[in-house]
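**Student:** From first to last, the protein sequence lines stand for chains R and U.
In terms of our numbering, the first sequence opens at residue 1433 and continues consecutively.
In terms of our numbering, the second sequence opens at residue 1433 and continues consecutively.
These aren't lab readings, by the way, just hints derived from the structure by calculation.
Only a predicted model underlies this, so the values are computations on that prediction, with no experimental measurement involved.
Copies of the same chain look alike in the list, so a pair counts if it works inside one copy or between any two.
Below, simulated DMTMM-like cross-link-like pairs (lysine to aspartate or glutamate); rule was C-alpha separation at most 25 angstroms, straight line:
#1 K1951 to E1901
#2 K1656 to D1988
#3 K2012 to E1877
#4 K1935 to E1546
#5 K1939 to E2004
#6 K1807 to D1827
#7 K2012 to E1661
#8 K2012 to E2025
#9 K2012 to D2022
#10 K1699 to D1596
#11 K1656 to E1700
#12 K2012 to E1944
#13 K2012 to E1950
Number of protein chains: 2
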Amino acid sequence: MESMGALRRTHTCNELGLDFLDQETTLMGWVLRRRDHGGVIFIDLRDRWGITQVVFNPEINPAVHAKAHQLRSEWVIAVRGRVAKRPESMENPKLATGAIEILVDELRILNTSETPPFPLDEDVEVSDTLRLQYRYLDLRRPEIAKNLILRHQALQTVRTYLNDNQFLEIETPMLTRSTPEGARDYLVPSRVHAGKFFALPQSPQLFKQILMVAGMDRYYQIVKCFRDEDLRADRQPEFTQIDMELSFITEEEIITIVEGMIKALFKEIRDLDLQPPFNRMTYDEAMRRFGTDRPDTRFGLELVDLTETLRGCGFKVFNTVIDKGGMVKAINAKGCGAFSRKDLDDLTEYAGRFGARGMAWIKVKEDEWQSPITKFFTEDEIKAMAQALDAQPGDLILFGADTAKTVHQVLSELRLELARRLGLIQGDSFNFLWVTDFPLLEYDEEQKRYTAVHHPFTAPNEAQLELLETDPGAVKSRAYDLVLNGNEIGGGSIRIHSPLMQKKVFKALGIETEEAQEKFGFLLRALELGAPPHGGIAFGVDRLMMLLTGSTSIRDVIAFPKTQKATCPLTEAPSSVARKQLTELHLQPDWKEK
Amino acid sequence: MESMGALRRTHTCNELGLDFLDQETTLMGWVLRRRDHGGVIFIDLRDRWGITQVVFNPEINPAVHAKAHQLRSEWVIAVRGRVAKRPESMENPKLATGAIEILVDELRILNTSETPPFPLDEDVEVSDTLRLQYRYLDLRRPEIAKNLILRHQALQTVRTYLNDNQFLEIETPMLTRSTPEGARDYLVPSRVHAGKFFALPQSPQLFKQILMVAGMDRYYQIVKCFRDEDLRADRQPEFTQIDMELSFITEEEIITIVEGMIKALFKEIRDLDLQPPFNRMTYDEAMRRFGTDRPDTRFGLELVDLTETLRGCGFKVFNTVIDKGGMVKAINAKGCGAFSRKDLDDLTEYAGRFGARGMAWIKVKEDEWQSPITKFFTEDEIKAMAQALDAQPGDLILFGADTAKTVHQVLSELRLELARRLGLIQGDSFNFLWVTDFPLLEYDEEQKRYTAVHHPFTAPNEAQLELLETDPGAVKSRAYDLVLNGNEIGGGSIRIHSPLMQKKVFKALGIETEEAQEKFGFLLRALELGAPPHGGIAFGVDRLMMLLTGSTSIRDVIAFPKTQKATCPLTEAPSSVARKQLTELHLQPDWKEK
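Same shape as in the complex, but just chain R (with noise of 0.2 angstroms):
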């Protein structure tokens, strides 16, 4: 091992092209591959940029030439030498540097490598485990680098454009209070007070809303977040989000000011000139079409609501589904009529990952419908079917019939599934969707009470307010959700600058006066010393660069992103700790020490 000594980086393994022939030029970086080839040694040297290829020939420096014959992949080396144009044979138009080569004159090995544990420069097979074990050279790999890259320019344009339309980035607690409405928060005991304890925040949204009645006008923070859930693919213990706040505003502006974010962050990351304004739709027309509050609206299969169509008809398992107040929906699967019985069997089997107990299934003949189920409609039923599903020989009809609630979530489901194996989703193309319209309630029937759609801080819809006490569920909320492809990657609302209102609505959720009180006491004081009206919305950074980058996962976007049991391979957190930590935190194991 060598230090630098008087050597400095003049370039990147990026930047050197015919400009620079005859220069001299200190390259710093890794051993990518090392070829011999007629007594020369050719190395690709790699950095964050790019790739250069420098060469040890004999002939121009036989000691550096000597020297080289010990490097190794991803060994550490600076080297010093002279641009020269590439022999017309080995040009390698793939590369920016590729009509180059640096004739080396001193190389320096700063740093050896131990046998990487996987190769870098192939796209072999690696558990996930080893690859974030050894993230750090999972990262060296081009396509991964690249994300980091894209999220940090992401976030940068971000950045400027909330920072140009006069918002400021704020920085809110990390260490702070338990709220129990939401998800399960991470705990942090204190030392200083025994029996009390920190919450890490599941979002900024009681501060930023502080932050409006201070006066702030316009707030965004880019800041981690963090969720104490069981972990799906695409969930992350901690996450970033995008935080925005403002003040004296409508629906109508945010929406607005948001399309234009998204906008530059297209055209920055993905040369794509989007056209706001986005599509929008409400909540009940996006459940009703397509099953989901975040349809894909880049292919059609929509569902079509045969309820009142196949009332009363024979066939019982239907009947007693829209006896009991649940609906039959169904997809026309446009030419897929020639589905084989394991397709069938397939789509029957993936249905029901999403509650489906069976699914009934029709082929569209050009003589008649074949099914197992044909024979229990009328010809009329039948008719109306054909019509309103706009059934063509060669079509196959896929059936939901459950309480609304399974219907949506298997069909909506089944029909991404169709899209799939239909090859209807382009790779490239962008939908955004504006869903609005939200019910600002659900009835949960495990607490068996109301519980709030977004979070109980969202103004209802004001031409509603009577129904708040009569028919909770029936009220919409002023929320608005911005899908792409159909995940949501962002959403927000209009708050509740009221606090009458939010006492109200706070009893609708079953918060009586004293909880309210006690957990959000601070938030219903702020609101009767001069609250202005407020709204806002939160993006998932994760999501949306994997969605920017077309990745497959949140975590090819993350630097250093956790298993799905949440623990970080590298590091190996989490660890032990020493009791005395424990101890100090006034607290003791309640789980078997070995």
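Assemble chain U onto chain R, guided by the hints.
**Tutor:** Relative to chain R, chain U alone:
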């Protein structure tokens, strides 16, 4: 309470002037002050940007005038009206909008306000806790709001500068591993893994080094860090760092890049043209001349070492100290010879706070050295002291005699106190100083072992490597701190990138191989797999902003600071949690439950 209706804000309260005469405008904000004069109501309307006078004149619109009678302090209103020139005697040149007023034609009361618990427009004495409890009211005061606006601007300036210098902002985890080296960690119990804990990061040190091993080359992050320490006035449990790391780099290059950043920052925030390079001083020189590694170089009052001069002198107190290996140093408080007995008692008491067991002094008179201790010194000793201290009639000499540590602690603080008393510190001068060549290790009497002065990953001076085993305390490090007016605002170092060297340093720290593996195994492993030479630095944002804004406390530059007892009076964090939450985390109380 009314909605905004069709009104949309067209201007801010700091925007309108004579250029806008007769234009229609809509403003929204808070009632700062109301004056009724000749049947006309004048409101100072305040928003984040400034203040505009709005006028309700019964002759313009009697209904609106009548409505305005309700308005009270801190009510939130929207007004639509016409820009008019103020009568000449009513102009207010102190206000950006002081030449105009708005003749209001439409008023909407967007929210009322109860009487605030303290008035906002006067600098009244209010307890800190009450101010933090109603932080949103305090933040409405322009002098506090201004700090948050400047903080925003400062951090965006830093980002722009670092982006332009090829840095990537990369987020590192908040839920990470407890590493007992360093301060006390905040712990986060894992629910999924019983008996395991995450720790909140004290700094992203290891992750940023890993990012260098990953080839990211230049990293930065403006990031929250956490230390569960007993709080001093200028500490917070969570604090923000500007954190940087660079590969293939030397101290000189890092210093140059940082100086550019600081220059950009002071230009943007203070409109000052700093002239790097900043002065530099070795640690040894700083300790010798100022008794501290973060000297305030805005004034003199340097420490003079009299140990050799007074070795074997007749003053027993000094002699004993010197015999025991301690030192005697003195400050010449120029022109303070007229200090009263009380002044001297005060200074002695002050010195006592920092460990002094008394304080010897001498007043230099024209004909004699007036002091209870003069009689113990020979004429030669007095002459030598006079020369070393450049003592002139009218001066006051203050002595420190103890271990080096105590003498430096006492005299460096006494020096600051003298400067304050003598008004030597001018408000608006910014003295930057790089302190370099720190010791790598210091002996910890409590732990009976060497500990790292910075952290265990700091590179030693390569020329002194052989001392690491024979005289570890003599080895200097490649660390550098940036000091501003006596405050350490940043610190960093070149890091160790050789696994062998890292193991040697761990050994010198008494961290034996197994423990090193357990704690830092992943770093050692990363160093074996192609780690580039690298180094970095981190800046404390809160302190930097305190100095930049001329605030007296870091709390004034933080949106939601905690008290000295690490509580948040606004949200009442930390708080009790449900017993069920503890059980889920596999923990039991070790405190007395009420």
